[in-house]
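Chains as they are written, first to last, in this note's numbering: chain A, 404 to 948; chain B, 430 to 806.
It should be emphasised that the hints constitute simulated quantities derived from the structure, not laboratory data. Worth double-checking, as some hints may not be accurate.
[As the list claims (entries may be wrong)] Listed below are several chain B residues computed to face chain A (Cβ distance under 8 angstroms; list not exhaustive): (1) Phe514; (2) His539; (3) Arg542; (4) Phe543; (5) Ile545; (6) Pro547; (7) Pro554; (8) His555; (9) Pro612.
Ideal Cβ positions, reconstructed from N, Cα and C, are used throughout, including at glycine.
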Amino acid sequence: MLRHEAMTDSPSRARTVQRARFGRSSVRRAWHHLAPRPVLLAASMLAVSVSAVPLVYLAVRTAEAGWPRVATALRTPGLLELTLRSLALTAVVTAGCLVIGVGTALLVVRTDLPARRFFAVVAALPLAIPTYVAGYAWVSLVDDFHGFAAAAVVLILCCSPYVYLPTAAALAGADPATEEAARALGRGPWATFVGVTLRQIRPAITAGALLVALYVLSDFGAVAILRVNTFTLAIFTSFNLGFDRTGALVLSSMLVLLTMAILVGELLARRTTTRYARVGSGARRPPERIALGYWRPVALAGLAAVALAALGVPAAALARWFSVGVSRPGSLTEIAAAMGNTLTFSAAGAALTMLLALPIGLLGARAPGPVAAVLDRVTYVSHALPGVVVGLSLVFFGINVAYPLYQTPWLLALAYAALFLPLGVGAVAGAAAQAPPGLEEAARSLGRGPLSVFRTVTVPLTLPGIGAGAALVFLTCMKELPATLLLRPTGADTLATELWTHTSVAAYAAAAPYAALLVLLAAIPTWLLAVRSGATGPAVIGGGS
Amino acid sequence: MTDLIVTGVHKHFRRRWRSGSSEHLRRRWRSGGREHSGRHGRDADGGSVHALAGVDLTVPSGLLVAVLGPSGCGKTTLLRCLAGFERIDEGSIRLGSRLVAGPGRHTPPHRRRFAIVPQEGALFPHLSVAGNVAYGLDRAARQRGRVDEVLELVGLAGYGRRMPHELSGGQQQRVAVARALAPRPEIILLDEPFSALDAHLRAELRRDIRQALQEDGATAILVTHDQEEALSLADQVAVMRDGRVVQQGTPTEVYRTPVDAWVGGFVGGAVLLPGVPSPAGVRTVLGDLALRGAPPSASALTVLLRPEQIVVGPPAPDAVPATVVARDFHGHDALLTLRLVDEAATVAARVLSAADPPSVGDRVGLRVTGPASAWPA
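With the hints as constraints, model all of the structure from the sequences given.
Put into structure tokens, the structure is as follows:
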């Protein structure tokens, strides 16, 4: 049915109208206008409902628990402290990422820093290190590396690319002509930078900061390994230890509310700040670079120190422990088993995600409208949920509603699908754009029937994009930790859970092979990102956002 | 005789969701080509656009007919209805004796044999030039060498192995035309195929495409908003306005004898003047003018002259005195804006550069050559 929808554009729509016969049937027309692709629309709605299961079920369970129990859980001593600590960590890490990310972007794009192309790539690389791998690296190398400050350092180092990439892209893309105009109108260099340049890149910086804040709230790996009791860790602990799981539910709901508050706050902020579009279409020139002068060594040392901490420490930790870990008796079979599980679960997750993403992406590309836009937005809500919340909700869902699925890879696949659906939807929509309706129409006008057009035009053009999306989802599933911890079938360990288990008992050598494999896996999409955007030079960074 | 005959075709569109700025929407806009901007007649419920309001059009076999109209007049919708991408609400489309679309009948696009050449070529990016051209051919035709034949017709012999992205914009359009010609369709539909190209490239491509169409004996419809393109290229021009064809004829007919002042102004430069009937024809600020055909029976007339009908010379007793107020120089000719000395009126005149046109501020004398057209005001 999807195939049918995918292969014809207007003719299929026309066919529906045909049933209304000649003349006009306004009811049909009205319905047709609201739901241009009935089959596609129904499939999309189903897909969105599936992805919304965790959120909806969380709400249902919390409501079922009843107010008295919720109130008891809310009165738990330490809850306020927990909230404040989570928010403080979020604020500190976001501020740190802003300093490092914006600073690096400015140095790399707008100054005569030596080796800036090298730093342009290096600054993006921390994306390839999952936070729990970074946490493990620091813990295993530095004695007594625990607590709030430790977690803040690790998270800042890991998350700064979220700010750096969009900021650098905006800086590289900002039209130097506007700055020249400001200078020509009598503004000095500093006034120009603040009044023109910074204003142009502010939306990019804000977007990056939002990503960091959401990430810190939902991060589980680093805070668990570095033993900072934030919401995610508290949810996990309270679920694992407590007999009364209402506490975990209430904590989850509160975390969801915090996440929503940040999202809504950003939306409101965005409404008041205008968006800046480049006016005019002249060829872009590279912007004028600021001469650093005596400050060059200082800037260079700063960037090198950040790179050393973000990449050097994990590299050193892996180098130190790797050979010991791999040569440990029985480790290879263990690693192979974990690898097998990781591949199976991630394949199931990617398959389900893409299955759900297909109708939503096609609907958005071929029948855009208010309905398609809303469905697309809804998929992002689950994406913004912390993995531990999605995992927890689905544990309850499995036990109480879908028991046959509980302890099977499918429930885990559902968690992956809820978390990573937007990645798949984006890929499908992008792929559909590769086969615009105009091409299919031209093909039909040349005498090929709908099926033939689908086979010879639509499939060859969209398959690569959909495949790339599936691969991206697959790799992302492989790195996921908290939902996997909660939902994996008993005894089935993955690379991520093995690393976590070994690290939590300070078996650093045993953890090393898993850490190395995970970094390798995560490096692939980062590398693709860098390659696809053109590798080096400031323009590179453009694709990064 | 397999002339294409379009009679009384109507097409309504529901108003689509327009808010939001999503990129797909704009993409769809471009590719779908439905001309939403033109909302000529709206239905009583206010929610639908009457894009085609009774189109009549005849395309004689073997000719190139240009459908000319301003953007939003419904010409692209007409093309999409002919191709079968849109379903017509009323009227009929016939090819000779065959009913292609009409009451109770809608031949799907792939059975119509109406090949389309989209605005930006829309070549299949995954197929070579030869693969694109062969797309609509059956095996027998491929083996007969039809691919090379049409590639040669469009001036791209030997390009078969190139991929579309290796071609320039003009070459891509040539391939798109070759691809449409290859299966010898009944009709070739050209959707503003030259609009995305540079001016100098456009003229050359137009000539070549027209020649290729003629040599292959193809019947074609060219949709365009460019009057110069329509007049220079087509055997016949059909002028569209508000979802109707208001005039169809040879380029000369449409230019010389437009059915109304609007058509006259749309197909070329126009000097529109008020006038009253007189024994010689019509009296205007430029004197008594001869009329083409019988004068309309009305006491007030709108008179149309072409700028090249106004002859600019030195002031003379029998000429209308005027002052040059602006001069737009075009190289081969110049367009003068002239204010009459005795009347509060401004007219435009086209003079050849070789005739050494006067400068701004010069006093000149105007004469009119050739008959004028007039309609009731």
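A quick look at each hint next to the structure:
no., hint, result
1, Phe514, "holds (5 angstroms)"
2, His539, "holds (5 angstroms)"
3, Arg542, "holds (6 angstroms)"
4, Phe543, "holds (6 angstroms)"
5, Ile545, "holds (4 angstroms)"
6, Pro547, "holds (5 angstroms)"
7, Pro554, "holds (7 angstroms)"
8, His555, "holds (5 angstroms)"
9, Pro612, "holds (6 angstroms)"
This entry satisfies every hint, going by the numbered hints stated previously.
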